[in-house]
Amino acid sequence: MSTFPAAQWIAVAIFLLCLATTAGGALFAVLTTRLIRSVCGLAMACVGLAGLYYFLHSPFLAMMEILIYVGAVCVTIVFAVMLAEPDEPKDDETSGAALFWGGMAVLVAVAVFWGLWRLGVGANWTLAHDPVNDASVKAIGVSLLTTYSLAFELISLALLVAILGALAIARTGRSKP
Amino acid sequence: MMTPLYDRLEIYLAAAAFLLAVGIYGFLRRRTLIGMLISGEIIFAAASLNLMAFNRFTVHDQTVGQIFVLFIMGLAAAEIAIALSIIIAVYRNYRSIKTRELSELND
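One line per chain: the protein sequences are V and R, in this order.
The first sequence finishes on residue 177 if you use the working numbering, and the numbering steps up by one all the way, no holes.
The second sequence finishes on residue 284 if you use the working numbering, and the numbering steps up by one all the way, no holes.
FYI, nobody ran anything at the bench for these hints, they're computed from the structure.
Every residue gets a Cβ at the ideal spot worked out from N, C-alpha and C, and that includes glycine.
Hints should not be assumed to be uniformly reliable.
[To be verified] Label pairs and their in silico Cβ distance ranges:
#, chain 1, residue 1, chain 2, residue 2, range
1, R, Ile263, V, Val12, 37 to 47 Å
2, V, Ile10, R, Ala266, 46 to 56 Å
3, R, Ile249, V, Ala20, 20 to 30 Å
4, V, Ala97, R, Ile249, 33 to 43 Å
5, V, Pro5, R, Arg277, 51 to 61 Å
[To be verified] Derived list of chain V stretches under chain R, where covered just means 3 residues or more per stretch with a C-beta under 8 Å from a C-beta of chain R:
#, segment
6, 17–29
7, 50–56
8, 66–79
9, 109–121
[What the hints assert, rightly or not] From chain R, some residues computed to sit far from chain V (all C-beta separations above 10 Å):
#, residue
10, Leu279
11, Ser280
12, Glu281
Model the full structure from these sequences, guided by the hints.
Spelled out as structure tokens, the structure:
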């Protein structure tokens, strides 16, 4: 298939690295107490996710993931962290209650994971082997401007409304101390 | 030769389920609005990864899922902009973004 020695193993190693970055970043984002580290974890998870999109034959989405999430969303959250409170508040619940509710949250998360695992991995999916187009940027562009032009316009409208709404909300009460 | 690891649907489904579980845990345990927002972003990422995996392996037209995920990303960006401006406005009023102290809308 490929001439480069052990190309398959290198690809598997890179894939595992992407998987580990995504999972580790997500865990880091959720488990740290300082908000700024949590944002860094989110950025890490998004970089790993971009790698996974690349393995799913979609370099376009990989680029968009880095551009939008790491470049825009994380930076915006960093600004909000600077303007508002930088730290997660100190634990005001007793250690017993914290342990109990943390255990409950872990239980819920594990239950969700187990249920989805049973549903997704156990099921017998019929795979499609004859794609009607390659998933290239050109095919995406053609689809965006023909079949899915309404979705395209809706994104731009939603973003415009979001910008105006954010300006209107953040502006009020600015003169207060 | 067996299918390489990165060409199996189950791996991606498991990764998406893991991301969703982590996001739900963070949503339940975080005590500030920004922390909850970050957990919500992780849940969005899980949904996007799931859609992309199914798009890659089970759908004939390979562009559908990519456009849908692009739509999700646009909506997530809009949601972040609105939510952060609300958080800033709340912080101006309350001097706090702890969820426990935001018990009334009227100040």
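Comparing the hints with the structure gives:
Restraint check, Ile263 (chain R) to Val12 (chain V): a C-beta distance of roughly 44 Å satisfies the suggested window 37 to 47 Å. For the pair Ile10 (chain V) and Ala266 (chain R), the beta carbons lie near 50 Å from each other, so the given range of 46 to 56 Å is met. Range check, Ile249 (chain R) to Ala20 (chain V): Cβ separation about 24 Å, and the 20 to 30 Å hint holds. A C-beta distance of roughly 36 Å is found between Ala97 (chain V) and Ile249 (chain R), which places it inside the suggested range of 33 to 43 Å.
Distance hint check for Pro5 (chain V) and Arg277 (chain R): the Cβ-Cβ separation is about 58 Å, which falls inside the suggested range of 51 to 61 Å. For the segment 17–29 of chain V, the stated coverage by chain R is satisfied: 6 residues place a CB nearer than 8 Å to a CB of that chain, which reaches the threshold of 3. Here the segment 50–56 of chain V counts 4 residues with a CB under 8 Å from a CB of chain R, which clears the bar of 3, and the coverage holds. Counting residues of the segment 66–79 of chain V whose CB falls under 8 Å from any CB of chain R gives 7; the rule of at least 3 is met.
Evaluation of the coverage hint for the segment 109–121 of chain V: fulfilled, as 8 residues show C-beta separations to chain R shorter than 8 Å, against a requirement of three. Distance check on Leu279 (chain R): its Cβ is at least 12 Å (rounded) from any Cβ of chain V, clearing the 10 Å threshold; non-interface status holds. At roughly 14 Å from the closest C-beta of chain V, the C-beta of Ser280 (chain R) stays outside 10 Å, upholding its exclusion from the interface. Listed as a non-interface residue, Glu281 (chain R) keeps its Cβ farther than 10 Å from every Cβ of chain V; the least gap is roughly 16 Å.
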